[in-house]
Amino acid sequence: DAGVTQSPTHLIKTRGQQVTLRCSPKSGHDTVSWYQQALGQGPQFIFQYYEEEERQRGNFPDRFSGHQFPNYSSELNVNALLLGDSALYLCASSFFVASYEQYFGPGTRLTVT
Amino acid sequence: AQSVTQLDSHVSVSEGTPVLLRCNYSSSYSPSLFWYVQHPNKGLQLLLKYTSAATLVKGINGFEAEFKKSETSFHLTKPSAHMSDAAEYFCVVSLSNSGYSTLTFGKGTMLLVSP
Numbered sequence: 034d035a036g037v038t039q040s041p042t043h044l045i046k047t048r049g050q051q052v053t054l055r056c057s058p059k060s061g062h063d064t065v066s067w068y069q070q071a072l073g074q075g076p077q078f079i080f081q082y083y084e085e086e087e088r089q090r091g092n093f094p095d096r097f098s099g100h101q102f103p104n105y106s107s108e109l110n111v112n113a114l115l116l117g118d119s120a121l122y123l124c125a126s127s128f129f130v131a132s133y134e135q136y137f138g139p140g141t142r143l144t145v146t
Numbered sequence: 009a010q011s012v013t014q015l016d017s018h019v020s021v022s023e024g025t026p027v028l029l030r031c032n033y034s035s036s037y038s039p040s041l042f043w044y045v046q047h048p049n050k051g052l053q054l055l056l057k058y059t060s061a062a063t064l065v066k067g068i069n070g071f072e073a074e075f076k077k078s079e080t081s082f083h084l085t086k087p088s089a090h091m092s093d094a095a096e097y098f099c100v101v102s103l104s105n106s107g108y109s110t111l112t113f114g115k116g117t118m119l120l121v122s123p
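Residue numbers (our numbering), protein chains in the order written: chain A, 34 to 146; chain B, 9 to 123.
Next up, chain A with everything else stripped away, as it sits in the complex:
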């Protein structure tokens, strides 16, 4: 049983560019959450998707947007990249009815230069 997978593993972008990160949830999970982990910090919640809609959102600007597909996979898009967006982006999946128990992918390391 495959766990949560994320792609790409690493990414280097330039300020002002746009980036798309992808996540496939654990088999059977229907809810996907995204977190940003800056160097030396704990992960911070960005947003959560269920039934292809954004259900919860953390304190992140509108430059951060997402999408969930009918197969429950998800994308995180960041526009107009800033140097401060450099971080590890983590995807977590769960069952909606037990969405407090989340399983994390290995993350995508984004570097903005």
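Treat the hints with caution; some may be incorrect.
[To be verified] Derived lysine to aspartate or glutamate pairs resembling DMTMM-like cross-links, with alpha carbons at most 25 Å apart: (1) B/K115 - A/D118; (2) B/K66 - A/E134; (3) B/K50 - B/E72; (4) B/K77 - A/E134; (5) B/K57 - A/D63; (6) B/K115 - A/E134; (7) B/K115 - B/D93; (8) B/K50 - A/E134; (9) B/K50 - A/E108; (10) B/K57 - B/E96; (11) B/K115 - B/E96.
Keep in mind that the hints were calculated from the coordinates and are not lab data.
Since chain A is already given, all that's left is putting chain B on it; use the hints.
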């Protein structure tokens, strides 16, 4: 608002000695609490969870945590440290809103294990 505070940014122990990682929480009602571990360049792994059942929770790799409501604490312990335990540990509280749960992480405690 719910939050967790990890009282130590770094903890150093010798292999074979006990481990204690401290966490205090703040919540207006009975929370769901978790400990996650993150090894270098790896994703987060769930160690254990408390969801209002038994107050002493056993997790993987010999770790356990005790929920103490009177002290608003959820400290992580292990009787004997192993070199492979060296990693960063996060105390986490779950916030539920209209049925949707999100996780709030502490700042993390780096556990260093020396031979």
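List of violated hint numbers, smallest to largest:
none
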